[in-house]
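Going line by line, the protein sequences match chains A and B. Using our numbering, the letters of the first sequence correspond one by one to residues 1 to 283. Using our numbering, the letters of the second sequence correspond one by one to residues 1 to 183.
For the record, the hints were derived by calculation from the structure and aren't laboratory data. A couple of the hints might just be wrong.
[As the list claims (entries may be wrong)] Per the computed footprint, the stretches of chain B lying under chain A, defined by three or more beta-carbons under 8 Å from a beta-carbon of chain A, are:
{"hint": "1", "region": "12 to 23"}
{"hint": "2", "region": "32 to 45"}
{"hint": "3", "region": "55 to 66"}
[As the list claims (entries may be wrong)] Quick list of the computed label-pair ranges, beta carbon to beta carbon:
{"hint": "4", "chain 1": "A", "residue 1": "Arg7", "chain 2": "B", "residue 2": "Ala147", "range": "21 to 27 Å"}
{"hint": "5", "chain 1": "B", "residue 1": "Ala16", "chain 2": "A", "residue 2": "Gln181", "range": "44 to 50 Å"}
{"hint": "6", "chain 1": "B", "residue 1": "Ala111", "chain 2": "A", "residue 2": "Asp18", "range": "21 to 27 Å"}
We put the CB at the ideal spot given by N, CA and C, even for glycine.
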Amino acid sequence: MTDHLTRSLHEAADALPDRSPAAAQVRHGAERARRIRRAVGGATAASLVVLVVLVAIAVIAGSGGGRGTPANSPTTIPSQSSDSGGGVFTSDPLLTGAEWNDILDHAPTERTERTTATPRPLDCITDPHRLGAAQERSAAYLQPDRAAFDPALLEPARMNVYALWFTNAADAAATVTRLRQELVACQAQTRPNQPVTSFTLADWLMSVYPRIEQQFAGSIARKAGASGQDTKINAYSLTVSRAGRLVIVFESLNGWSDRPQNTVGLLMNHALAALSPQVARTR
Amino acid sequence: MEGREGGAGLAAEFDAFYTSSASRVTRQLVMLTGGNLAEAEDVVQEAFERAWSRWPVVRGLGSPEAWVRTVARRLAVSRWRRARNAAVAWRRHGPLTEPPPLDADHVALIAALTALPETQRVSIVLHHLADLSVTQVALETGQSVSAVKQQLVRGRAAMAASLADTRTIDTGDSAPSYPKEGR
Numbered sequence: 001m002t003d004h005l006t007r008s009l010h011e012a013a014d015a016l017p018d019r020s021p022a023a024a025q026v027r028h029g030a031e032r033a034r035r036i037r038r039a040v041g042g043a044t045a046a047s048l049v050v051l052v053v054l055v056a057i058a059v060i061a062g063s064g065g066g067r068g069t070p071a072n073s074p075t076t077i078p079s080q081s082s083d084s085g086g087g088v089f090t091s092d093p094l095l096t097g098a099e100w101n102d103i104l105d106h107a108p109t110e111r112t113e114r115t116t117a118t119p120r121p122l123d124c125i126t127d128p129h130r131l132g133a134a135q136e137r138s139a140a141y142l143q144p145d146r147a148a149f150d151p152a153l154l155e156p157a158r159m160n161v162y163a164l165w166f167t168n169a170a171d172a173a174a175t176v177t178r179l180r181q182e183l184v185a186c187q188a189q190t191r192p193n194q195p196v197t198s199f200t201l202a203d204w205l206m207s208v209y210p211r212i213e214q215q216f217a218g219s220i221a222r223k224a225g226a227s228g229q230d231t232k233i234n235a236y237s238l239t240v241s242r243a244g245r246l247v248i249v250f251e252s253l254n255g256w257s258d259r260p261q262n263t264v265g266l267l268m269n270h271a272l273a274a275l276s277p278q279v280a281r282t283r
Numbered sequence: 001m002e003g004r005e006g007g008a009g010l011a012a013e014f015d016a017f018y019t020s021s022a023s024r025v026t027r028q029l030v031m032l033t034g035g036n037l038a039e040a041e042d043v044v045q046e047a048f049e050r051a052w053s054r055w056p057v058v059r060g061l062g063s064p065e066a067w068v069r070t071v072a073r074r075l076a077v078s079r080w081r082r083a084r085n086a087a088v089a090w091r092r093h094g095p096l097t098e099p100p101p102l103d104a105d106h107v108a109l110i111a112a113l114t115a116l117p118e119t120q121r122v123s124i125v126l127h128h129l130a131d132l133s134v135t136q137v138a139l140e141t142g143q144s145v146s147a148v149k150q151q152l153v154r155g156r157a158a159m160a161a162s163l164a165d166t167r168t169i170d171t172g173d174s175a176p177s178y179p180k181e182g183r
């Protein structure tokens, strides 16, 4: 039966003019929008990066640096740095506690919330807390779906950042290699209800940030269901970067691949710039 | 668009997807946004831009078109976006060129559609214009099948009151029938 309402709606819709731009114009628009977002969001992203780095380092400085110590609240930030020697995390290389608190008080909460929970692995790589780092700090974040630049509108994202400090650079390098192999193995895992729809692996950061000696950025997208009707996905992204003995691991679940990559690029740049004296001294 | 797949291949694939669906999604959005063609064009274009930005993921979804439509719909219902889009559309298109006037029946139809609560309007448009089954509407809108059926019944009844349409609604789990030719 041809439904009258259906027919009427189609007729009304067909009477509308088609003014859609060319596909190439849309693609160019997307690239332009991406550049604009980077430029306009630079301040916000920089604040986020500063927040992430400072929280991680602040917690490290505040808690003394035992292996396996999870990230704690910013209230552990010391008021003054103290250099007890031995590693980058035992001193405060960046700011005073007051300066940190000032930044934390102005956290861009409309974009990212730091959760009270400590990081837990988001997919199938080894828990970075178990990678044998001599010192480590971590933090967990939640990307709320109300985020200003949230382009997905489908899922809130979860993000973890880990800063790992190894006693020698060879162990750090082996860790990066191991995580890359685990990501490749992960996408090969068969999950009947979550088939992989896309897998990417790139090393682009190394050419952008010369201080990074070893790096990869990968993502695995899986269908969230087997019905074929789903509009939800499971998108896991992993970016690992190394400079000397320092390895920063950034992973996200349902954070679109361009976002963590952009964020991590800025994060690494900021972290390595800030920590480079210590990295150079202890290398 | 890093990755193993060639950029040119992805672009060609996206272009084919866009060409086959942009006009259709835009028209659906017109009906969802109360007949505002410029706003519909704007949110649909932005949704396609976002789709291209993450095409390696979107292309693997069961229905990329549903993803674009969902993103466009959510863009359109944001009041902030509405206010902003008006300015953006003005800048993008210049003084709006009015489309050819619709006939009185179409104007009345859109007016009746616009008067519906949003949930009913979305269900009506997705079912009767996007040709989605009730189950597909439920999946796309995140509602239960029974809720969608209820909205279809109520929306159809409300529109019937406006349009003097006394026909019964098909709330079965099948897309409404409509000749596919010429669309």
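If you check each hint against the structure, which ones fail? 5
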